[in-house]
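Sequence order for the protein chains is D and F. Residue numbers are given in our numbering: position 42 of the first sequence equals residue 42, and the series is strictly consecutive. Residue numbers are given in our numbering: position 341 of the second sequence equals residue 341, and the series is strictly consecutive.
Just so you know, these hints were derived from the structure itself, not from any lab. All values reported here derive from a predicted model rather than from experimental measurement. Check the hints yourself; a few may be wrong.
So these bits of chain F aren't anywhere near chain D, every CB distance computed over 12 angstroms [unchecked claim]:
id: 1; residue: Phe13
id: 2; residue: Asp66
id: 3; residue: Val74
id: 4; residue: Leu95
id: 5; residue: Glu130
id: 6; residue: Ser193
id: 7; residue: Pro229
id: 8; residue: Arg240
id: 9; residue: Gly246
id: 10; residue: Leu263
id: 11; residue: Pro317
id: 12; residue: Tyr338
Result set (EDC-like, lysine to aspartate or glutamate): computed pairs, CA atoms no more than 20 angstroms apart in a straight line [unchecked claim]:
id: 13; chain 1: F; residue 1: Lys57; chain 2: D; residue 2: Glu194
id: 14; chain 1: F; residue 1: Lys57; chain 2: F; residue 2: Glu33
id: 15; chain 1: F; residue 1: Lys112; chain 2: D; residue 2: Glu245
Where a beta carbon is used, it is the ideal one built from N, C-alpha and C, also for glycine.
Each chain, written out:
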Amino acid sequence: MNQGRGAPARFMSESSVRNLCIMPALALLIAFNVFPLLASLGISLTDFNPIIDTAPRFVGMGNYRDLVESPRQEVWRSFSRTGFLVLVTVGLETLIGFAVALLLRRSFRGRGLFTAILLIPMMLSPAVMGSFWRYLFNADYGALNWFLDARLNWDGSRALAFWAVVIAEVWMWTPFMILLSLAGLNAIPETLYEAAEVDRAGAWFRFRHITLPLAAPMVLLGIVFRAMDTFRLFDTAMVLNGNLEGQHTTFVSVLLHARGFGGSRSLGEPTALAYLLLIASLALATLVLRYLDHVRGVGAPERGRRP
Amino acid sequence: MPAYEIAGLTVAFGNAGARPALDGVSFKVGAGELLVVLGRTGSGKTTLLRSISGLQKPAAGRILEDGGGPQGPVDISSLPPHGRDMAMVFQNFSLYPRMSVKENLAFPLRAKALGLSAGEIEARVSQAAETLGLSDKLCRSPTELSGGEMQRVAIGRALVRRPRLFLMDEPLASLDAKLRERMVLEIRGLQRSLGCGMIYVTHDHVEAMSLADRILVLDRGKVLQAGPPEEIYRHPCDSRVARMLGRPGINLLTSEEGGRMGLPLSEKRLLGVRPESWRVTADPAGPAVASVVEHLGPQMALVLDVQGIVLRVTAPPSLRVKAGDRFRLGVDPADILYLDR
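Excised from the complex, chain F in its bound form (with noise of 0.2 angstroms):
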């Protein structure tokens, strides 16, 4: 399986003086890499799909397959979609509606150019199925699924493919957070089985964590950090990408505000704790007052307000709590970030 290296990916929508939707975004995605894409809306996520994919021309540019071959990397920024070799499952689905499940799942297959014959069609199709648990569903009509059965259609008809590359462009964000939950683990072990690569797009934190091994923060068309989840958990580059992760969200403080809580300081503007990082102990006297107290079943989420600063704070559910209650806070200066912005 092939590696990637995106260098300079530029689109540009409408007027000339508009931002540009992708802003000179480089990066790389290893062989059987699952690299998630993780940004807000209009961060130029899915655009940046569709320009790996071949369905959006970029501005400027290059996107390069690297085979392994002698022959190094190749440039495939000028091939058309149907010559890339790639797979993409779309946010709305995209199945094709008059055909049953089955049709659905051998469609990528029936093009003339891969000449499989039918035995060789009705094989994969089926052991698709069967991974995706769709077997018995393969003579309905894709209206009659629900919406996790059209998705794991979506994601079988990739996968029948055997493509190079994977593109996932939020394929879960309609679905109910239960099923997402299970799908998470399918996709991810679905992507580890086949060895090939995957960019995977989503505005969701949770999805990002539990699936990348590495994850790119994109905003406003441009990369801000990309890293294993775990580093960009704890080292975060900037107040942006460290708000984009963990719920409930990142404690960012002044370095006043740091320094009134009695805090170690850096020369830093700003301070970030993480919820779970503050050690939390009753204390009649203390300086907290928790003013909102929310219980999650294995952790409790507080709402403290110290002198004035309002700070987000987890604890374990044996700490018996209400609201009104008193507190003192400790931190360790090691899971305090100290960021620029």
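One chain only, chain D, in its complex shape (with noise of 0.2 angstroms):
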């Protein structure tokens, strides 16, 4: 009579059981990305205004040709503007970040605090951080002006506008360059520079030979982590600039938000400008994830022997 504890297992076989436990998860999915994604897909395709109270029109591609054929070609400046900011910003990072890191890694007294006091910025909120930096920066009773002895006007009507997002930028996410960099130039062993050393190869050698294409993975997924972060940059300009239009720091997500926020425009084409970004996104992504795949089957570590 004694059935033993496997009896009621039979209750649900163990395929449903799987299910039920997906399916919370599938659920939320659905009702807060896959339903989004769609309504703002049919959104972006009519003019809806969320404050006149009259039925949707559907428009077709409208929206999306006033984006594009805009006469002041303010998306694809937004979108080029973008572009550079990310191609500078991470540069930067990555030079400075590099170096840094080559720096850190000989051992010297204080080295844990320095580097603990070298990481503080990446802690902090990007807005308490863009607080800060607009302090700063303000033409009139700003620190910088007054170190600089100049009256720099970092205003988003000028050029020097987007500088400052880069200076910014680059200070905040330096130290999570200085941090991917140190962990790989850590995991090159020891023993390869000596062997260099052995076979006569100088500093700049076993720079550009041994330490160069041993950290570049790590450097690389540093890069592409920035890249994509910087490229949907929003806080730093916000909080520097605003919203406004027409700005040197009018980035991607800057307009968007502009677009959307900022008037009593239909949402219909922010909405079309939300999905051009997405597109971007995912393209970039995409790219991104294949060169990933890419450096992991090439750049695979030697393969490990005893130590």
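Fit chain to chain and form the complex, with the hints in mind.
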């Protein structure tokens, strides 16, 4: 008569238990991802306006056409501006980050403390950090102008505003590149340098043929992360300069915010812009993932032997 | 090719009270000699190689190089690694992973100080590749190679340099037995044909015996004994050296045990008898009982129990034997080693 503990399990088959566990996640995904995605696709094809109480009119690809063909080319300019920002910011972060990591790799007194201090900017909230920089950049009473003994105007209508964003971003995210570079550098086996030393390789040779190629996968990973993150940059530009159109800090997300929340126009066009941004992000992410697969395949570490 | 003399080499790590990794190590390497440093893990053998190469700075001691010129031996202990013209093969191969096999081989030749032309480099690399059977692997990446191939690239990288002295740090430790056997022969042949000196570090006594012109036994940072393999095997200076060579290991008996077995004694405290020195004769009334019998192919390894004394003995496979059989044992007095400790 003893049926044991196995009996109740037959109440539900293994696959139905599995399905039951997946269901909530699936429901959430549909409710908060798939539905909004489809709904916004629908909205982007209409002149839907949440404020005026009239039924939205279907306009087909009209919103997209307006965006692409707008006389001031504001959309394309925001895209190229964002691209340039990614190039400059990530480039600087990588160069400075890797250089600092090279210095931090040597052992010296107080290295731990020094590294910790260097990492602080990364821990701050971008909004808070943006506010600080806003005061530093202020044309009339900012600390930066006082230091430089100049009267630089970092206002959004000036090209300098773009560089203000670059400076703030580089300051904030270089520690991230330091961290990843250090991880890459520390993974290089010491015996490779010793072998090179016995082989009479010079310092540049060691750097070029051991340090650089072996740290590269990790640094590339950092570049990829930072590029994707910078591409959707919003907070720093918003805090520094607000969401006005036609400024030197009107990046894609800023433009999207300005169009979506800035006026009483239809929501159709901003939604269409959001869709363009989504497509661009997806394209970028796909490229990046392809590339990471490639790196993983080629850059497999030296087959592990006894250390 | 120069000869080398290492004099009083001492290396200490960490706190002052700790036992130094190397404690006054002195020995010589003749021109074109293959010296094997035999020692267990932690005996200081790798530290010794690193000190000779210049990667490790010794606390005391000198390294002298004697090129046979009129100026006599030169102290090279203060030279950096790249100034010593030695090539080192590391235990973990240390191939440059992003370079092809060819680039790895060419790497040591590209140093500006050598001033070699591209053609010369090419010629040396292809010669080394041919010697080591790597010609068809030149364009591969090191990560695509087998362990044996990687090791041959590492050796090749040392080879192309045509160094004055080869330093080998357990280069075969991570290879399987069959490959190791073949590589030992290859290394021996290469060293002979190049005629340059080599210091080869290992913990494997078979490797040591088959390679060495001379063996240097290192234990806890000190040289126990140095000499030709057969001398180390036949006349070990103490039980530590005796135990390190031979498999199955040597039988060490106290003089009391030796007396019980009726062996000739001396004033020394220990008697050592190699397993193969025993003459084993089947005798139902004999004092020795076989407890374990292993068939090793060319010979049999037996564990015998003689009135509570456990002995390891080898016998020809023609001797039909099973566990529980009884034997009579004999040994030529000349084969007995008398040791102080």
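A quick look at each hint next to the structure:
1. The Cβ of Phe13/F sits about 15 angstroms from the closest Cβ of chain D, beyond the 12 angstroms cut-off, so the non-interface label holds.
2. Asp66/F, annotated as away from the interface, keeps every beta carbon of chain D farther than 12 angstroms; the closest lies near 21 angstroms.
3. Its beta-carbon lying about 19 angstroms from the closest one in chain D, Val74/F satisfies the requirement of being farther than 12 angstroms from that chain.
4. Its beta-carbon lying about 7 angstroms from the closest one in chain D, Leu95/F breaks the requirement of being farther than 12 angstroms from that chain.
5. For Glu130/F, the condition that its CB be more than 12 angstroms from all CB atoms of chain D holds, with the nearest at approximately 21 angstroms.
6. In this structure Ser193/F is separated from chain D by more than 12 angstroms, as the shortest Cβ-Cβ distance comes to about 22 angstroms.
7. The claim that Pro229/F lies off the interface holds: its Cβ sits roughly 26 angstroms from the closest Cβ of chain D, which is beyond the 12 angstroms cut-off.
8. Against chain D, the non-interface label of Arg240/F holds: every CB pair exceeds 12 angstroms, the least being about 25 angstroms.
9. Against the 12 angstroms criterion, Gly246/F stays outside the reach of chain D, whose nearest CB is about 26 angstroms from its own CB.
10. Listed as a non-interface residue, Leu263/F keeps its Cβ farther than 12 angstroms from every Cβ of chain D; the least gap is roughly 43 angstroms.
11. The claim that Pro317/F is not at the interface with chain D holds, since no C-beta of that chain comes within 12 angstroms of its own (minimum 36 angstroms).
12. With a least beta-carbon separation of about 39 angstroms from chain D, Tyr338/F lies farther than 12 angstroms from that chain, consistent with its non-interface assignment.
13. The straight-line distance between the Cα atoms of Lys57/F and Glu194/D is roughly 13 angstroms, inside the 20 angstroms bound, and the hint therefore holds.
14. Proposed proximity of Lys57/F and Glu33/F is contradicted: the alpha carbons are some 25 angstroms apart, above 20 angstroms.
15. As the CA atoms of Lys112/F and Glu245/D are separated by approximately 58 angstroms, the hinted pair breaks the 20 angstroms bound.
The structure fails hints 4, 14, 15 (numbered hints given earlier, in ascending order).
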